[in-house]
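A.B. asks: Protein chains in written order, with the working numbering: chain A, 1 to 145; chain B, 146 to 217.
It is possible that some hints are incorrect.
[To be verified] With a straight-line cut-off of 16 Å between C-alpha atoms, the simulated EDC-like cross-links for lysine to aspartate or glutamate are:
#1 A/Lys56 / B/Glu201
#2 A/Lys56 / B/Asp194
#3 A/Lys135 / A/Glu118
#4 A/Lys56 / B/Glu177
[Unchecked claim] Chain A regions said to be covered by chain B (calculated; three or more residues, Cβ under 8 Å):
#5 37 to 51
#6 116 to 125
[Claimed, not checked] To list a few chain B residues with every Cβ distance to chain A over 10 Å, as calculated:
#7 Glu148
#8 Leu149
#9 Glu170
#10 His171
#11 Glu173
#12 Glu201
#13 Ala203
#14 Gly208
#15 Ala216
Don't read these hints as lab results, they were simulated from the structure. Owing to the predicted nature of the structure, the values given are computational and were not obtained by experimental measurement. Glycine included, each C-beta is placed from N, C-alpha and C at the ideal position.
Listed here are the chains, written in short residue letters.
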Amino acid sequence: MRRPMAAQSEAIVFELEESLYPLDAIYGAAYVFIDRCYVLLDRENPGRISVRLRPKPGVDAATEDLVGEFENELLGQAWRRLLVEDNRRVVETVTTQALAGAAGPRGLDDLLDMDLDEQAAFDDPLGIAVSWEEKYKKRGPKEGE
Amino acid sequence: VIELRLRLELYPVEAVREAARAYAEHAEVEVEERDALTLVRVSALAGADEQTLADELANYVLGLTIERRAAS
């Protein structure tokens, strides 16, 4: 996931694979840390973001611990983004169906425009054309009763 | 003078210029675009720690960058 860390005075630099962690997730994690650390991002190698963290004065944490926290935050950010993306698809599908339903039943013009062939015209999957008598007539005793 | 080298693809130059304006009363900030980088030269005005000021400015640019991305 990251190269061995290189310490620069109190700062620490590590690299992240963009194929594993999208840039937005890296920005998100960086944003969480800017109140405790000085954060500097760079991309010296394509596909790899380097992060330089330097704790602000008064922050009582080892730099290595901060790196660990940063990576945990990064995982959380990446996961949240996946969830948001999945939920977006669900919301879009539900909204589309709701809007289609809100458009109401087809009008007369739509029905007239429908292309009905002979077979489709007499197709009765719901059994609407079956008479009441035919549908509910008393059946005789079964054979053998 | 401390020079920050901010990659344009990570830090939009508008955010860098806005940060430079915000820090004008604490430091002399010179912004120059060169190839894929924005070079930011920070000279602290009297009494301020130059390294801390440069780091704070970089954080400010990062914050602006993220807020702009979130808003767009």
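A.B. asks: So which of those numbered hints doesn't the model satisfy?
C.D. replies: Numbers 3, 4, 6, 8, 12, 13 and 14, in rising order.
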